[in-house]
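Asks: Keeping their order, the protein sequence lines are chains Z and X. For the first sequence, counting from 1, position 47 maps to 47 in the numbering used here; every step adds exactly one. For the second sequence, counting from 1, position 131 maps to 234 in the numbering used here; every step adds exactly one.
A hint or two may mislead.
Claimed, not checked - Dumping the calculated SDA-like pairs for lysine to any residue here, alpha-carbon to alpha-carbon at most 25 Å:
no., chain 1, residue 1, chain 2, residue 2
1, X, 314, Z, 85
2, X, 314, Z, 57
3, X, 314, Z, 56
4, X, 314, Z, 90
5, X, 314, X, 224
6, X, 314, Z, 55
7, X, 314, X, 231
8, X, 314, Z, 62
9, X, 314, X, 199
10, X, 314, Z, 70
Stated by the list, open to error - From the structure, some residues in chain X lie toward chain Z, with a derived Cβ separation under 10 Å:
no., residue
11, 110
12, 155
13, 175
14, 194
15, 255
16, 257
17, 266
18, 348
19, 352
20, 400
To be verified - From the derived model, a few chain X residues whose C-beta atoms are all more than 12 Å from chain Z:
no., residue
21, 121
22, 243
23, 290
24, 300
25, 372
By construction, these hints were calculated from the structure, which means they are not laboratory data. No experiment lies behind these values; they were computed from the predicted model shown. Glycine included, C-beta positions come from ideal geometry on N, C-alpha and C.
Here's the letter readout for the chains.
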Amino acid sequence: MIGSATLYGLCGAALVGIGLYGFVSHPGLLRRVLAFNVIGSGIFLIFGAAGYRDADAGADPVPQALIITGIVVALSLTALAVALIVAHVRASGHGELPEDAGE
Amino acid sequence: MSGTVFDIVLCALILGAALAAVSGRDPFAAVVFFVVYGVFIATAWLRLDAVNVALAEAAIGAGLTGVLLLGAVGRLARLRETAPPARAAGPRLLAALAAGGTTLLLGWVFLTLPEPAGLHAEVGANLAAAGSENAVTAVLLNFRAWDTLLESIVLLAALIGIWALSPDAAWGGRPGMTQRTRAGGVLAQFGRVLPPIGLMVGVYLVWAGTKQPGGAFQGGTVLAAVALLAMMAGRIAPPRVSAPGLRLALILGPAVFLAVGLAALAAGRFLWLPPEHAYALILGIEAALTVSIAATLALMVIGPPQEAP
Chain Z
1 MIGSATLYGL CGAALVGIGL YGFVSHPGLL RRVLAFNVIG SGIFLIFGAA
51 GYRDADAGAD PVPQALIITG IVVALSLTAL AVALIVAHVR ASGHGELPED
101 AGE
Chain X
104 MSGTVFDIVL CALILGAALA AVSGRDPFAA VVFFVVYGVF IATAWLRLDA
154 VNVALAEAAI GAGLTGVLLL GAVGRLARLR ETAPPARAAG PRLLAALAAG
204 GTTLLLGWVF LTLPEPAGLH AEVGANLAAA GSENAVTAVL LNFRAWDTLL
254 ESIVLLAALI GIWALSPDAA WGGRPGMTQR TRAGGVLAQF GRVLPPIGLM
304 VGVYLVWAGT KQPGGAFQGG TVLAAVALLA MMAGRIAPPR VSAPGLRLAL
354 ILGPAVFLAV GLAALAAGRF LWLPPEHAYA LILGIEAALT VSIAATLALM
404 VIGPPQEAP
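Hey, can you work out the whole structure from these sequences and the hints?
Replies: Structure below.
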């Protein structure tokens with residue numbers, strides 16, 4: 001029988017793929033920030049699941065602490081990126097990079 | 104067995120919500136799916152026995168990031184002048200192949216990881232001297248205090264970056280835009296009813312964080328959400344970014360953390376907590392960090408000042 005840790009680890013790997021696909025294929029900058037967050041949480045899930053493979057010992061506290069740090073840093077980056085995107089759209093009038101906006 | 108079925112269903116829901124969030128047409132719907140995705144991920148953390156992470160993911164990953172992105176969708180819809188361009192099919196196929204390859208590679212790496220060693224034993228052996236019965240809080244505030252100190256400074260740096268994007272005329276004013284709500288509407292009512300409950304939950308999460316799941320980041324996020332709700336409902340106005348009291352609140356956490364670390368340096372080692380005082384020191388650092396985290400996160404989500412003071 002497949003364990004919880006393996007299942008969520010593979011789910012995290014799939015999330016990295018989905019996020020990567022969205023990041024590359026979508027020209028909208030805001031959508032890219034969202035996809036970046038999906039990649040990030042996929043990596044956290046792989047990391048956390050790897051720390052839970054020995055289920056009898058419980059979840060390893062060190063990855064948990066590092067993941068919490070990661071979640072907070074991801075929010076900081078997201079907030080800064082959103083502020084940059086708003087400034088970019090205000091200056092240029094479109095929500096994509098110049099090469100994607102067809103200029 | 105029923106646990107495995109639950110896990111499989113949850114993984115399917117997570118992947119479905121993630122796909123909808125990154126590939127849907129409508130940006131508003133994408134953000135809503137992203138928030139739903141965050142709640143599913145938080146549930147996955149509960150299944151992995153990581154309650155501390157689940158709390159952080161629900162409050163920060165789903166909650167604050169969701170509010171931030173929803174606000175950005177509304178703002179961009181008003182600002183943008185051109186329609187989004189259509190996407191070409193060729194690069195998308197290439198992107199899908201590359202993404203699929205990355206997933207396969209990561210999955211293969213995960214399945215072939217060496218036998219778990221982990222750091223449970225080391226953390227458990229030193230927990231008695233750490234000043235916190237919650238192993239995650241002990242790691243965050245004691246064993247790996249460097250990470251947490253630098254993280255609190257990263258928060259501050261990101262906020263400075265966000266403020267630097269305010270228009271010249273708006274500098275020194277109140278962050279974000281003036282909020283108007285309909286009197287007696289849902290938001291106005293929630294703005295009155297929820298803050299007292301949220302305040303209690305936030306403070307409790309910090310206080311209980313040394314014994315049970317919780318801590319400065321989870322509690323601070325709940326407090327930030329309370330402040331955001333009260334501001335969005337027009338109950339309180341955000342403080343001016345030039346207000347000295349606000350600046351003090353922002354640097355209080357990193358400053359107290361750094362001061363404790365330097366005091367420890369005088370006694371021997373930077374950021375070392377003497378076991379007999381560790382509990383009091385952790386509680387003091389967490390209290391100061393909570394104030395700074397709550398203020399920083401709330402101001403990050405509101406964004407830079409937009410209107411002349």
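Asks: Indicate, hint by hint, whether the structure satisfies it.
Replies: Hint check results:
1. 314(X) / 85(Z): Answer violated: residue 314(X) to residue 85(Z) is near 41 Å, above 25 Å.
2. 314(X) / 57(Z): 19 Å, holds
3. 314(X) / 56(Z): OK: residue 314(X) and residue 56(Z) at ~21 Å, within 25 Å.
4. 314(X) / 90(Z): Roughly 48 Å separates the two Cα atoms, so the pair is violated.
5. 314(X) / 224(X): Holds, at about 19 Å.
6. 314(X) / 55(Z): Holds, because 22 Å separates the two Cα atoms, which is no more than 25 Å.
7. 314(X) / 231(X): Roughly 12 Å between the alpha carbons, so the hint for residue 314(X) and residue 231(X) holds.
8. 314(X) / 62(Z): 17 Å, holds
9. 314(X) / 199(X): 45 Å, violated
10. 314(X) / 70(Z): 22 Å, holds
11. 110: Holds, about 5 Å.
12. 155: 6 Å, holds
13. 175: Where the cut-off is 10 Å and the nearest Cβ of chain Z is about 5 Å from residue 175(X), the hint holds.
14. 194: Given a least distance of 7 Å, the restraint on residue 194(X) holds.
15. 255: 9 Å, holds
16. 257: 6 Å, holds
17. 266: Holds: closest Cβ of chain Z sits about 9 Å from residue 266(X), inside 10 Å.
18. 348: 22 Å, violated
19. 352: Because about 17 Å separates residue 352(X) from the closest Cβ in chain Z, which is outside the 10 Å limit, the hint is violated.
20. 400: 7 Å, holds
21. 121: 5 Å, violated
22. 243: 5 Å, violated
23. 290: Non-interface label stands for residue 290(X): nearest chain Z Cβ at 21 Å, farther than 12 Å.
24. 300: For residue 300(X), whose nearest Cβ neighbour in chain Z is about 23 Å away, the distance exceeds 12 Å, so it holds.
25. 372: About 20 Å separates residue 372(X) from the closest Cβ of chain Z, which puts it past 12 Å; holds.
Going down the numbered hints, you'll see the structure goes against 1, 4, 9, 18, 19, 21, 22, while the others check out.
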